[in-house]
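Novice: If you read the sequences in order, they're chains A and B. Position one of the first sequence corresponds to residue 1 (my numbering), numbered consecutively onward. Position one of the second sequence corresponds to residue 227 (my numbering), numbered consecutively onward.
Please note that the accuracy of each hint is not assured.
As the list claims (entries may be wrong) - Okay, derived cross-link-like pairs now, DSS-like style, lysine-lysine, Cα gap no bigger than 30 Å in a straight line:
hint : chain 1 : residue 1 : chain 2 : residue 2
1    : B       : Lys318    : A       : Lys92
2    : B       : Lys379    : A       : Lys119
3    : B       : Lys368    : A       : Lys5
4    : A       : Lys177    : A       : Lys226
5    : A       : Lys142    : B       : Lys345
6    : A       : Lys3      : B       : Lys318
7    : A       : Lys92     : B       : Lys379
8    : B       : Lys231    : A       : Lys142
9    : A       : Lys92     : B       : Lys228
10   : B       : Lys345    : A       : Lys153
11   : B       : Lys430    : A       : Lys142
12   : B       : Lys228    : A       : Lys153
13   : A       : Lys204    : B       : Lys379
14   : A       : Lys5      : B       : Lys318
15   : A       : Lys92     : B       : Lys368
16   : B       : Lys345    : A       : Lys92
17   : B       : Lys368    : A       : Lys119
18   : A       : Lys204    : A       : Lys221
19   : B       : Lys231    : A       : Lys92
20   : A       : Lys142    : B       : Lys368
21   : A       : Lys142    : B       : Lys318
22   : B       : Lys318    : A       : Lys153
23   : A       : Lys204    : A       : Lys92
24   : B       : Lys228    : A       : Lys2
25   : A       : Lys153    : B       : Lys229
26   : B       : Lys422    : A       : Lys119
As the list claims (entries may be wrong) - Covered stretches of chain A, as calculated for chain B (at least 3 residues, CB under 8 Å):
hint : stretch
27   : 60–66
28   : 159–169
Claimed, not checked - Distance ranges between label pairs, derived from CB positions:
hint : chain 1 : residue 1 : chain 2 : residue 2 : range
29   : B       : Leu444    : A       : Ile81     : 24 to 34 Å
30   : B       : Arg296    : A       : Asp53     : 18 to 28 Å
31   : B       : Pro364    : A       : Gly216    : 48 to 58 Å
32   : A       : Ser66     : B       : Gln287    : 17 to 27 Å
33   : B       : Lys229    : A       : Asp82     : 50 to 60 Å
34   : A       : Leu218    : B       : Pro364    : 43 to 53 Å
35   : B       : Asp255    : A       : Ile81     : 19 to 29 Å
36   : A       : Asn158    : B       : Pro364    : 15 to 25 Å
Simulated from the structure, these hints should not be mistaken for lab results. Beta carbons are placed, not taken as given, at the ideal position from N, Cα and C, and that holds for glycine.
There are 2 protein chains.
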Amino acid sequence: MKKEKAVVLLSGGLDSATCLAIAQAEGFDVHTLTFQYGQRHQVELDAAKNIIDRAGIPAGQRHQISFDLREWGGSALTADIDVPDAELDNGKVPITYVPARNTIFLSFAAALAETIGAKTIYVGVNSLDYSGYPDCRPAFIKSFELTATLGTKAVDENWTFDVRAPLQYLTKAEIIKKGLELGVDYSITHSCYNPKEDGSPCLKCDSCALRQRAFGELGMKDPAVK
Amino acid sequence: MKKEKAVVLLSGGLDSATCLAIAQAEGFDVHTLTFQYGQRHQVELDAAKNIIDRAGIPAGQRHQISFDLREWGGSALTADIDVPDAELDNGKVPITYVPARNTIFLSFAAALAETIGAKTIYVGVNSLDYSGYPDCRPAFIKSFELTATLGTKAVDENWTFDVRAPLQYLTKAEIIKKGLELGVDYSITHSCYNPKEDGSPCLKCDSCALRQRAFGELGMKDPAVK
Numbered sequence: 001m002k003k004e005k006a007v008v009l010l011s012g013g014l015d016s017a018t019c020l021a022i023a024q025a026e027g028f029d030v031h032t033l034t035f036q037y038g039q040r041h042q043v044e045l046d047a048a049k050n051i052i053d054r055a056g057i058p059a060g061q062r063h064q065i066s067f068d069l070r071e072w073g074g075s076a077l078t079a080d081i082d083v084p085d086a087e088l089d090n091g092k093v094p095i096t097y098v099p100a101r102n103t104i105f106l107s108f109a110a111a112l113a114e115t116i117g118a119k120t121i122y123v124g125v126n127s128l129d130y131s132g133y134p135d136c137r138p139a140f141i142k143s144f145e146l147t148a149t150l151g152t153k154a155v156d157e158n159w160t161f162d163v164r165a166p167l168q169y170l171t172k173a174e175i176i177k178k179g180l181e182l183g184v185d186y187s188i189t190h191s192c193y194n195p196k197e198d199g200s201p202c203l204k205c206d207s208c209a210l211r212q213r214a215f216g217e218l219g220m221k222d223p224a225v226k
Numbered sequence: 227m228k229k230e231k232a233v234v235l236l237s238g239g240l241d242s243a244t245c246l247a248i249a250q251a252e253g254f255d256v257h258t259l260t261f262q263y264g265q266r267h268q269v270e271l272d273a274a275k276n277i278i279d280r281a282g283i284p285a286g287q288r289h290q291i292s293f294d295l296r297e298w299g300g301s302a303l304t305a306d307i308d309v310p311d312a313e314l315d316n317g318k319v320p321i322t323y324v325p326a327r328n329t330i331f332l333s334f335a336a337a338l339a340e341t342i343g344a345k346t347i348y349v350g351v352n353s354l355d356y357s358g359y360p361d362c363r364p365a366f367i368k369s370f371e372l373t374a375t376l377g378t379k380a381v382d383e384n385w386t387f388d389v390r391a392p393l394q395y396l397t398k399a400e401i402i403k404k405g406l407e408l409g410v411d412y413s414i415t416h417s418c419y420n421p422k423e424d425g426s427p428c429l430k431c432d433s434c435a436l437r438q439r440a441f442g443e444l445g446m447k448d449p450a451v452k
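Go ahead and model the full structure; you've got the sequences and the hints to work with.
Specialist: This is how it looks when you write it as structure tokens:
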């Protein structure tokens, strides 16, 4: 039987690499979608390519869309604003938040899905060990599912988009544990918001802090840190 | 008193030109947003520029985002598929429909709005004299409003996006009448899906058919047709 198709949003980070492994384990024929959006950490695109290679995604199923959010900036990732050291759990949306980024990413995913005949989209958002970004929360994901359904042929063809966020309620340590079970190679993933010249992680930003804490909880050393 | 900001999606067509005039008439300080998305009718971007010039939008408030939907195609506007002659009102979504295009466009509009501190977005969709595209219907627009609110700081700051579609329930002739009252110069707008080499409209596609019918109903000649 021919496998059903799914679109997996892939950033090159730990979460989306795990998400890709889950989509494959759940039996989907995966199309990956990565973005070059003017982010300061280009190194994550190299990581994404390595993850895609390792997952064996065929050439015609690796999609990339480029646009430049520095047109208006508004985030430490897309404007000349310094990435701050980690400030976890202070209840504020941090300056690394990129306005409406996941809405944009998911919109392109819905466009790709509709075009290739996929009804399922995987996104590696998480609302436990996260930076407080509004577009990582379950209410947003649910709402997007409906919007994508109403804004495409899905509504006329009587099907609905299934946007899966399998990491939503996992801690970062649980995500890593799950990924290791599925054979994810975390040494090739990249999570840092503000990598050094040589591409290595700063070990100071929110994203590094969450990642290091999680590997610590598992009694492991992060394989991406030399 | 300082005017409130609004983002207006502008394609260079008749509808969005009218929408821009309405936003200005409603007292907003307008930021325009246009897209270079790999569409076959580049001439509409020249039209958009002329409309923006005429509306007197300041330099820092004219935004353009480029990306290439030919990455996956799926539409006569973004792939090597011929634009068919008009087939209005046959109840089918036509091949000129670009998968999830308005979801993508509105997502960027929400990102821009959040960044500049605007809560209002204008979009020239219409569900009377239209080609049957799902992403022009009222249910989609309402759903997007909620998704954009939940996927941005709006949800934490206790405000909601106001996505205005002032043309939603107007016939094409009523849109033109409204625009003429507001001083819109339709001679510089471009609506054709499949323009000739010199940029002039084909007068055969859905979009041309709707436009010509409307000017006819008003007993006028389309000022954009030489």
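Novice: Going back to the hint list, which numbers does this structure go against?
Specialist: The structure breaks hints 1, 11, 12, 24, 25, 26, 28, 29 and 33; every other hint is satisfied.
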